[in-house]
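Engineer: Go ahead and model the full structure; you've got the sequences and the hints to work with.
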Amino acid sequence: MEPLLGELPLRFSRLPMFPFFDLAHYAASVLSLKEQRGAVEISCHSPIACWFSAMLYCFGGSILSSLMLGEPPVAFLANTTNVLLASSVWYLIFYCPHDLFYRYVSCLPIRLLVSGMKEVTRTWKITGGVTHAHSHYKNAWIVMIAVGWARGAGGGLISNFEQLVRGVWKPETNELLKMSYPVKVSLVGAVLFTMQHTHYLPVEVHNLMLFYTIFLVVVKVAMMLTEFRTSPFAVLENALGSFLFGFQPVCMKAKAKAKVSYNGGTPVNESTSGGETGDSVKKRHAKKTE
Amino acid sequence: MEPLLGELPLRFSRLPMFPFFDLAHYAASVLSLKEQRGAVEISCHSPIACWFSAMLYCFGGSILSSLMLGEPPVAFLANTTNVLLASSVWYLIFYCPHDLFYRYVSCLPIRLLVSGMKEVTRTWKITGGVTHAHSHYKNAWIVMIAVGWARGAGGGLISNFEQLVRGVWKPETNELLKMSYPVKVSLVGAVLFTMQHTHYLPVEVHNLMLFYTIFLVVVKVAMMLTEFRTSPFAVLENALGSFLFGFQPVCMKAKAKAKVSYNGGTPVNESTSGGETGDSVKKRHAKKTE
Amino acid sequence: MEPLLGELPLRFSRLPMFPFFDLAHYAASVLSLKEQRGAVEISCHSPIACWFSAMLYCFGGSILSSLMLGEPPVAFLANTTNVLLASSVWYLIFYCPHDLFYRYVSCLPIRLLVSGMKEVTRTWKITGGVTHAHSHYKNAWIVMIAVGWARGAGGGLISNFEQLVRGVWKPETNELLKMSYPVKVSLVGAVLFTMQHTHYLPVEVHNLMLFYTIFLVVVKVAMMLTEFRTSPFAVLENALGSFLFGFQPVCMKAKAKAKVSYNGGTPVNESTSGGETGDSVKKRHAKKTE
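Residue numbers (UniProt numbering), protein chains in the order written: chain S, 1 to 290; chain R, 1 to 290; chain Y, 1 to 290.
By construction, these hints were calculated from the structure, which means they are not laboratory data. Predicted, not measured: the structure shown is a model, and the values here were computed from it. One should not assume that every hint holds.
[To be verified] The calculated label-pair distances, taken between Cβ atoms and stated as ranges, are:
id, chain 1, residue 1, chain 2, residue 2, range
1, R, GLU227, S, ASN238, 38 to 46 Å
2, R, LEU236, S, ASN238, 53 to 61 Å
3, S, GLY246, R, CYS107, 23 to 31 Å
4, Y, ASN139, S, VAL203, 39 to 47 Å
5, Y, MET224, S, LYS170, 51 to 59 Å
[Claimed, not checked] With a straight-line cut-off of 25 Å between C-alpha atoms, the simulated BS3-like cross-links for lysine-lysine are:
id, chain 1, residue 1, chain 2, residue 2
6, R, LYS34, S, LYS170
7, Y, LYS170, R, LYS178
8, Y, LYS170, S, LYS170
9, R, LYS220, R, LYS34
10, S, LYS138, S, LYS34
11, R, LYS178, Y, LYS34
12, S, LYS178, R, LYS170
13, S, LYS170, Y, LYS178
14, Y, LYS170, R, LYS170
15, S, LYS220, S, LYS178
16, R, LYS170, R, LYS34
17, Y, LYS34, Y, LYS220
18, Y, LYS184, Y, LYS220
19, R, LYS170, R, LYS138
20, Y, LYS170, S, LYS34
21, Y, LYS170, Y, LYS34
22, R, LYS34, R, LYS184
23, S, LYS170, S, LYS184
24, R, LYS170, S, LYS170
25, S, LYS34, S, LYS170
26, S, LYS220, S, LYS184
27, R, LYS170, R, LYS184
28, Y, LYS178, Y, LYS220
29, S, LYS34, S, LYS220
30, Y, LYS34, R, LYS170
31, R, LYS34, S, LYS178
32, S, LYS184, S, LYS34
33, R, LYS178, R, LYS220
34, Y, LYS170, Y, LYS184
35, Y, LYS34, Y, LYS184
36, R, LYS178, R, LYS34
37, S, LYS34, Y, LYS178
38, Y, LYS178, Y, LYS34
Note that CB positions come from ideal geometry on N, CA and C, so glycine has one too.
Structural biologist: Right, dumping it as structure tokens:
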């Protein structure tokens, strides 16, 4: 496809993330933090917890991958410029008088732009993670996938502990139990770039980066415009799931139960998790009865 | 005893763990995971969380000791062969059609063999941990004990966080509050091998390995055959406990209370922990009253 | 001020912490552990959890800062003398017959001395943390503040996980959400010593150490003598808070609500956190209703 696209992929792969794309990433992250339930109240009575939470949202990926590779998790703080950038975005979004900045950023066109640019940074993060892991362990492709995934999904995977900073604790759910779309797509990306890096995928890295990014941005924008929430992998997942993991009697029963209760109105996961996580479920019921 | 046993201990200490003993360790670990409440449901609706949980069971020791020594906790993923081995054991035990493999492995004779071989790997893990810690800190015997213990007990000590992956959270119990037998025996082993390594114990390492392993295997098998659940250290513990820690008025009262309520039918720990861990206990009571 | 104070600051800055000040730090830490609700019961039925908890209290700062800088968190165990010192203090305070030692240490004059000396070690910890971070990252002042703070506040910042060891879990509160005085003053100290270290503060380090320590000790002793519990920074905080973070409509409402409910008798934080941390709050209400 070189002749077709010419220099474009190569030039694209040399796109600098700093400062504009980083800014967009920080803005999108802090926006999603502000839209968390109770985040605004936290921002009022303990700005430091709020700032810490925001940093976990913005730099979660690098923190997690550093922990995984036994490097200093505070390394990201050494990049003073980026931290100050993220902090000022956090300050403007949370504390700007009359929420002016928040309103401005969260109006649809700006929001689309910001979210699109954030998705671009995801590609860079994943490739960065894969290469970094490769520099530690030669051809340990599992490590490469893991670190690439951690770098790309970042905030999502440590959400339980990010919530803990804000005094929220939801043990009955985590991103491994019920993956959100960004976590899934980061995993797919990590696998692709690892395969490319270990030459199992006969594509040049800058072509892969271009097409993966286009996919990310298009899907993200489409998801935001249409209220279409189910992940584009749903079909693939179900096929793969029932092919690999579907042969177990209990699971088949669970699925059947799930279908029934789904027609009955309650979401699938609720019912399949009926027997699971005794305490948490009990708690949930308790809450309902309260 | 050299003439008596001849070459046996030396040859035994050169026994390779890979692949058969490792396989047994993975099988035993994944079996105990599958027998956790709610694990099967998890395996149905989120295989990735289940796989992650299984890896924590299989490689918990190396993960924990890496964290303690500031090394990359993902190092175990670099050993691709072992990870694939563990993963395939996990797959067969959880997703084999009609649970054939699970039924096969969990029938008593096989189970005895597997559990016995798993205990052998424990010795190797502990010695490995002690030597590894020694290579970091010369003669820091506390570190050697800690790392040896972590490597040997592994999964048990991080069980709270392993459960969190499956959406279960039981803060009111952990392996330090109420040690299980494997954790205890690993601690004893770590102490013994550290003393041997620092020459306070005038035994050759391969003799110690042989006798410690024999002890492990015999006790384990005995525990599985007879439904005898109390640890063989119970007597020693009580003696030591009341000698070292028994002189405090409150504890004496607690013990008295415990005895009473024990005759009354409720387990000791329940009553002694009466005042302790206010919230968790409240919760438990709340649940009962619900 | 050199002529005025002469050699005093310099000599003071060369004061050795080992063994007396360290001893005082261990005593004060273990005392505050023993005064935690339910700690004594734990000490009866699982001394190991209690010991581990005590070590987290005594060495929390060095553990946390090691984790942040990707160094072995067990490093503190390599300093056998200090660990044995702390352990014997722990043993005497928890298990001395008839609580003799505890009663002796917790009588006011001794307690004042011990607490005062503990505050002195705080200065040394903070300066140590700042210098140590500087040796890793040149002029990364955010890292220096973070590590200095972690080393100085230590136990407080990891309190959630220290409680977890004792089977207590209070997700709805942590030291970032609602800072205690020691955590605040450590943060201030970390900022000051970092500014001094990066030459933004034109003071010599030993002068700063002297005056910061005097401030710590005086405030601590005053707090213990008078039942005056509000932090000396309260005024400054409120001014700064309303100047920096006060312009947001929601916060103003929250503050108003807070004031009202405060006059109404319930504490501020309770009411401002009305919307926040849904679950935890629900739980708290549930408890009340129980």
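Engineer: Now look at each hint and say whether the structure bears it out.
Structural biologist: Results for each hint:
no. : hint                            : in the structure
1   : R:GLU227 x S:ASN238: 38 to 46 Å : holds, 44 Å
2   : R:LEU236 x S:ASN238: 53 to 61 Å : holds, 55 Å
3   : S:GLY246 x R:CYS107: 23 to 31 Å : holds, 25 Å
4   : Y:ASN139 x S:VAL203: 39 to 47 Å : holds, 42 Å
5   : Y:MET224 x S:LYS170: 51 to 59 Å : violated, 39 Å
6   : R:LYS34 x S:LYS170              : holds, 24 Å
7   : Y:LYS170 x R:LYS178             : holds, 20 Å
8   : Y:LYS170 x S:LYS170             : holds, 12 Å
9   : R:LYS220 x R:LYS34              : holds, 20 Å
10  : S:LYS138 x S:LYS34              : violated, 40 Å
11  : R:LYS178 x Y:LYS34              : holds, 20 Å
12  : S:LYS178 x R:LYS170             : holds, 20 Å
13  : S:LYS170 x Y:LYS178             : holds, 20 Å
14  : Y:LYS170 x R:LYS170             : holds, 12 Å
15  : S:LYS220 x S:LYS178             : holds, 19 Å
16  : R:LYS170 x R:LYS34              : holds, 18 Å
17  : Y:LYS34 x Y:LYS220              : holds, 20 Å
18  : Y:LYS184 x Y:LYS220             : holds, 13 Å
19  : R:LYS170 x R:LYS138             : violated, 38 Å
20  : Y:LYS170 x S:LYS34              : holds, 23 Å
21  : Y:LYS170 x Y:LYS34              : holds, 18 Å
22  : R:LYS34 x R:LYS184              : holds, 23 Å
23  : S:LYS170 x S:LYS184             : holds, 20 Å
24  : R:LYS170 x S:LYS170             : holds, 12 Å
25  : S:LYS34 x S:LYS170              : holds, 18 Å
26  : S:LYS220 x S:LYS184             : holds, 13 Å
27  : R:LYS170 x R:LYS184             : holds, 21 Å
28  : Y:LYS178 x Y:LYS220             : holds, 19 Å
29  : S:LYS34 x S:LYS220              : holds, 20 Å
30  : Y:LYS34 x R:LYS170              : holds, 23 Å
31  : R:LYS34 x S:LYS178              : holds, 20 Å
32  : S:LYS184 x S:LYS34              : holds, 23 Å
33  : R:LYS178 x R:LYS220             : holds, 19 Å
34  : Y:LYS170 x Y:LYS184             : holds, 20 Å
35  : Y:LYS34 x Y:LYS184              : holds, 23 Å
36  : R:LYS178 x R:LYS34              : holds, 22 Å
37  : S:LYS34 x Y:LYS178              : holds, 19 Å
38  : Y:LYS178 x Y:LYS34              : holds, 22 Å
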